[in-house]
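Visitor: Please build the complete structure, drawing on both the sequences and the hints.
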Amino acid sequence: MCVLLLRQGRTATADELVDAVWGDAPPPEVIAGLRTYAFRLRRKLGPGVLVSEAGGYALRLGPEALDIELCRKYEAQARRARAEGDLPGAQKLLHTALGLWDGQPLAGVPGPYAQAQRGRLQEWRLALWEAGLELGLELGLHTEMVSELTALTAEHPLRERPRGMLMLALYRSGRQAEALGVYTDTRRLLAEELGVDPGPDLERLHQRILRADPALAAPPAAPMDSAAVHPAVPRPAQLPAPPTDFTGRRTAVDALREQLLRPRGTAVAVAAVHGLGGVGKTALAVYVAQSVREHFPDGQLYVDLMGHGPRPVEPAAVLGTFLRALGTPPAALPEGTQERAALYRSLLADRRVLVLLDNAHSAARIRPLLPGAPGSAVLVTSRSRMTDLDGAGLVGLDVMDPPEALALFTRIVGPARAAEEPEACRETVAACGFLPLAIRIAAARLAARPAWKVTTLTRRLADEHHRLHELRTGDLAVEASFALGYGQLPPEQARAFRLLALPDVPSLSLPTSATVLRRDPRGDRATAALLESLVDLSMLESTASDRWHYHDLLRLYARERAEAEETGAERRAVLSRLLDFYLATATGTYALHNPGDRLLDHLAPTTWPGLQFDDSKPALSWLFDEGPALLATVHQAVDEPTLLPRAADLLLAGQDLMESGTCAHQYEQAAQAVADRAGAVRDTGSEGRARLLLGQAHHLAGRLDQARAQARLALTLGRTAQDPLTHSYALNLQGNLATARNRHEEAAARYRQAMEVFRADANRYGETTMLMNIARADLELGRSEQAIAACEQAVESWQELGARLRLANGHYALALALHRAHRHEQALSRLQRALDGFEETRQPFWQGMTHYRMAQAELALLHPQRAAVQAEHALALLNDLGGDQRRAHALTVLGRALEQLGQSGRARTCWEQALRLLGRSGTPEADELRALLEARP
36 MCVLLLRQGR TATADELVDA VWGDAPPPEV IAGLRTYAFR LRRKLGPGVL VSEAGGYALR
96 LGPEALDIEL CRKYEAQARR ARAEGDLPGA QKLLHTALGL WDGQPLAGVP GPYAQAQRGR
156 LQEWRLALWE AGLELGLELG LHTEMVSELT ALTAEHPLRE RPRGMLMLAL YRSGRQAEAL
216 GVYTDTRRLL AEELGVDPGP DLERLHQRIL RADPALAAPP AAPMDSAAVH PAVPRPAQLP
276 APPTDFTGRR TAVDALREQL LRPRGTAVAV AAVHGLGGVG KTALAVYVAQ SVREHFPDGQ
336 LYVDLMGHGP RPVEPAAVLG TFLRALGTPP AALPEGTQER AALYRSLLAD RRVLVLLDNA
396 HSAARIRPLL PGAPGSAVLV TSRSRMTDLD GAGLVGLDVM DPPEALALFT RIVGPARAAE
456 EPEACRETVA ACGFLPLAIR IAAARLAARP AWKVTTLTRR LADEHHRLHE LRTGDLAVEA
516 SFALGYGQLP PEQARAFRLL ALPDVPSLSL PTSATVLRRD PRGDRATAAL LESLVDLSML
576 ESTASDRWHY HDLLRLYARE RAEAEETGAE RRAVLSRLLD FYLATATGTY ALHNPGDRLL
636 DHLAPTTWPG LQFDDSKPAL SWLFDEGPAL LATVHQAVDE PTLLPRAADL LLAGQDLMES
696 GTCAHQYEQA AQAVADRAGA VRDTGSEGRA RLLLGQAHHL AGRLDQARAQ ARLALTLGRT
756 AQDPLTHSYA LNLQGNLATA RNRHEEAAAR YRQAMEVFRA DANRYGETTM LMNIARADLE
816 LGRSEQAIAA CEQAVESWQE LGARLRLANG HYALALALHR AHRHEQALSR LQRALDGFEE
876 TRQPFWQGMT HYRMAQAELA LLHPQRAAVQ AEHALALLND LGGDQRRAHA LTVLGRALEQ
936 LGQSGRARTC WEQALRLLGR SGTPEADELR ALLEARP
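Position one of the sequence shown corresponds to residue 36 (my numbering), numbered consecutively onward.
These aren't lab readings, by the way, just hints derived from the structure by calculation.
Each hint can be trusted.
Computed list of lysine to aspartate or glutamate pairs in EDC-like fashion (alpha-carbon distance at most 20 Å, straight line):
hint, residue 1, residue 2
1, 108, 121
2, 488, 456
3, 108, 119
4, 652, 875
5, 488, 455
6, 652, 632
7, 488, 458
8, 488, 462
9, 488, 498
Now the in silico label distances, taken between C-beta atoms and shown as ranges:
hint, residue 1, residue 2, range
10, 522, 370, 27 to 33 Å
11, 431, 134, 39 to 45 Å
12, 522, 399, 18 to 24 Å
13, 939, 660, 45 to 51 Å
14, 509, 437, 24 to 30 Å
15, 642, 754, 26 to 32 Å
16, 602, 459, 38 to 44 Å
17, 370, 497, 52 to 58 Å
18, 438, 755, 54 to 60 Å
Everything numeric in this text was worked out from a predicted model, so none of it was measured.
Ideal Cβ placement from N, Cα and C applies to all residues, glycine included.
Guide: Structure representation (structure tokens):
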């Protein structure tokens, strides 16, 4: 095609075409191949364009169809105009001819013929350029010519003609020293590169400049149409229109305005906005740029760098666009990036221009686009956090807060429509993850469908598996925005992005992330660097030191990629490794916290390592910090039956999360999920353990009927599975529930049965627990001294085992026995020791119960003020823990203390609240409260 076009209608024979296209090495059957190409061209060009004649081919195009023909025509007209003395007309024609050139001729066309023609065409372009510059000097435009001549000599340093013109332009501009410097540089360059001296023309010009030859003086400027010959530098106004529905973002707007409008100093003001795809970076940047444009009277430049697409715009191409917008003729554009950047900085010096670089990939690709002198300002948007962009003010853009998100949604769908279903609107923006792009798409879909209710859209977005597919309209799609960023990730980052999204955890710690990625969880800083690289690209978010999480919609996209690119076996292996890691670490934590407990001997083995701690304090801190993620992993594991035993055992090893009340509700949900799934697949052992723990959760929450039902099921399942762990602890739970109903003989019988199972399992830890519980039953049955002796024995056993939590339980039980024996001072001492232990082991439920018991003891010692303080502490801790019955007990003792302090009105209020909590039950506590209220009208 190129050969035929350059022949300009003349016929090219087959031999000429073969030689031009393939050179000395034509392929076999070359003529047949040539005919195939001709056939394809005819189909593409239409009839009558490519013709066969005289054994070859020719293109029949209309007049002036080729830019090369137009260029020759303008060149010939310029020669005639110059010969006739019309220098301005000649320069205008040459300027028009040069405007037809754009980039390198025949760019990308291979072969020796194309190379030869490329060289010829480039030489022609240079000749035209030099001729135009020469005319400019003849017209007295020497000052205006300096910048173009500087660019030309930088691009072609060995050409003497433009160097001579530059020397003359500088001399005529009163810059004689610079003109002589150009000659010195030229002589040195020619000697170094070619081993020759400057030619006679350049040498003569040098001598004439040295002696200030009057004949070199500039001619008088001729009257002409200066705008046509050398246009004034324009003031570009390239900013996109501001978004009509821009909402909120006040903090970010103020921060960016402050950066861009800071007092002019010694550096260019640069502000860079970073955030995940779809978070509204471009909208924010355009809004801010439009709001400050009057502060940049010399113009505003804008470019979409497409930095996270498959083909980012090259800096050289951007510079070419900017230079043309600033008035540089196409023919005067240097070829190289550095040369263009130098000219760009020169043009912006001493000017106030705002440059908006949208969607940048990295700092390295935008450095050539930065002005060099203060006065101008640059605003950058990128998914990457440009920490390596010197002097830039970084502004991180997060998703909208709920009120802003709702306001944006309302502006698009209309206030009236939003007011009809306010709750559905809130649910919709929440399903969009408060991401502006997702909100715009959802609202636009709704606005385009008047028959839809907002709840229709809400229901469609409720399905996580199809949510991303719902968030698309026209050429907008959340998924497409995410795909741009994902497509730029190297393989290691891309795989990490996919795999880390698989766990259903609220956030990822460094050890859990390492486990997911099949790395050592006990010390791998390379994993942290990998995660931080995803944070820098806005593909992951860092919430705290060494913790990371996904935006909700980005997690859905990452999971879609995992399902498409990872095998099912690998996805299951991720969850199995994570479950192993949590179980191994929780088991070690439990062992430190409960030394001697044989529970650990009955847990499923693990193959992936966990963390190891030397002390229970950091171990417990890990457990409570990881509690939500640990329980989420248990809940997720129920979908895979082979993981159920480890899921149930993880609940056992992490039961401090339930007993402390730290994650009581989530723990209960996880236990219910394991129990239901294990029952469905007839995994008796796992179901028994899960129902045991579910019963304990109900007991702690004061839901005694549900606890009894779960305890019965757990006991049956434990016996069926021959699981001594479930069997013994189910009996213990039944004893605790009997105690709560004041059936102390029944409770004692259950505790003794449980002790026999523990003894058969050689579980001293369990036996000591039962000894303490039997003592409690003895206490309620009036055998105080027997109970005290048993509790003292239990405390001694806990001390020997080193079980700090159970030792605190022992002090607590002993205090109850001492209190019942009217040894209140001793009871308070034991309660204080119990409280210290519960605080050390982070057990807010037991702390609350201990404060309640201390209030009882203080009241018995006639210290109502101290009793009131302890009761208030108890209520504060038991507000969300322990159930209504325990809160009612604390309110009752608080009322008694207040009454003794003379605050009978407040005391009555406490008793009324307590009675409401107990409801219509016929318990002794409720009867006592009714009697108190009736006796105090």
